[in-house]
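Work out the full structure, taking the sequences as your base and the hints as a guide.
Residue numbers (this note's numbering), protein chains in the order written: chain A, 1 to 115; chain B, 116 to 228.
FYI, nobody ran anything at the bench for these hints, they're computed from the structure. It is possible that part of the hints are untrue.
[Claimed, not checked] Straight-line C-alpha distance at most 30 Å; calculated DSSO-like pairs for lysine-lysine:
1) Lys11(A) with Lys220(B)
2) Lys184(B) with Lys173(B)
3) Lys15(A) with Lys220(B)
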Amino acid sequence: GAGVSQTPSNKVTEKGKYVELRCDPISGHTALYWYRQSLGQGPEFLIYFQGTGAADDSGLPNDRFFAVRPEGSVSTLKIQRTERGDSAVYLCASSLGGSRTDTQYFGPGTRLTVL
Amino acid sequence: AQSVAQPEDQVNVAEGNPLTVKCTYSVSGNPYLFWYVQYPNRSLQFLLKYITGDNLVKGSYGFEAEFNKSQTSFHLKKPSALVSDSALYFCAVRSGGNTPLVFGKGTRLSVIA
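Dropping the structure here:
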């Protein structure tokens with residue numbers, strides 16, 4: 001079956017611009033996660049949705065970052081006033097439920113470059 | 116706070132030899148441990164996980180990992196390495212409540228023919 005998909009695969013933007021990154025989880029998965037992976041590092045947690053609500057947004061670095069999941073399926077990560085330090089690969093993952101034992105399945109990521 | 120350490124940035128092994136990729140963790144409460152692999156230009160793929168029960172966990176592509184509570188380790192192993200196993204390997208841990216999945220920095224495995 002189809003896995004997690006993310007669009008765009010690459011995004012180049014200028015400092016100060018607004019960007020949206022989209023994630024389409026595996027069908028039927030209620031939990032959705034966003035991570036950020038910088039070069040040479042493991043993924044770092046940003047935010048977790050259970051259904052439509054953000055159950056944990058403790059990883060968002062500041063108020064320029066926010067994410068939505070209005071219908072409990074597709075999610076959009078939004079970054080305002082982008083900075084060069086936001087350049088990274090943004091990964092989305094989904095799991096069947098939100099249990100700590102559930103396996104998270106990752107999408108291919110969106111590589112964001114802020115010039 | 117929970118954390119994961121992968122002490123080796125790079126592991127080199129000859130094809131056909133056994134391989135080990137090390138992982139140690141620190142959590143309060145019971146750990147739930149995961150291994151993922153990232154091939155070049157691909158996303159993270161799930162390999163295996165430890166939840167409870169048997170300390171030896173078997174996963175995809177012939178990989179296994181052993182949970183050692185006293186040493187707080189969850190090393191990834193394979194009896195006979197293949198060149199196609201060359202990739203970046205990540206260990207991750209999750210603990211109680213709604214704590215997020217925390218990843219190590221990754222270990223690059225290079226299997227030489």
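Hint by hint, here is what the structure shows:
1. Lys11(A) with Lys220(B): holds, 24 Å
2. Lys184(B) with Lys173(B): Distance of about 17 Å is within 30 Å: holds.
3. Lys15(A) with Lys220(B): holds, 28 Å
Hint violations for this structure: none, all hints satisfied.
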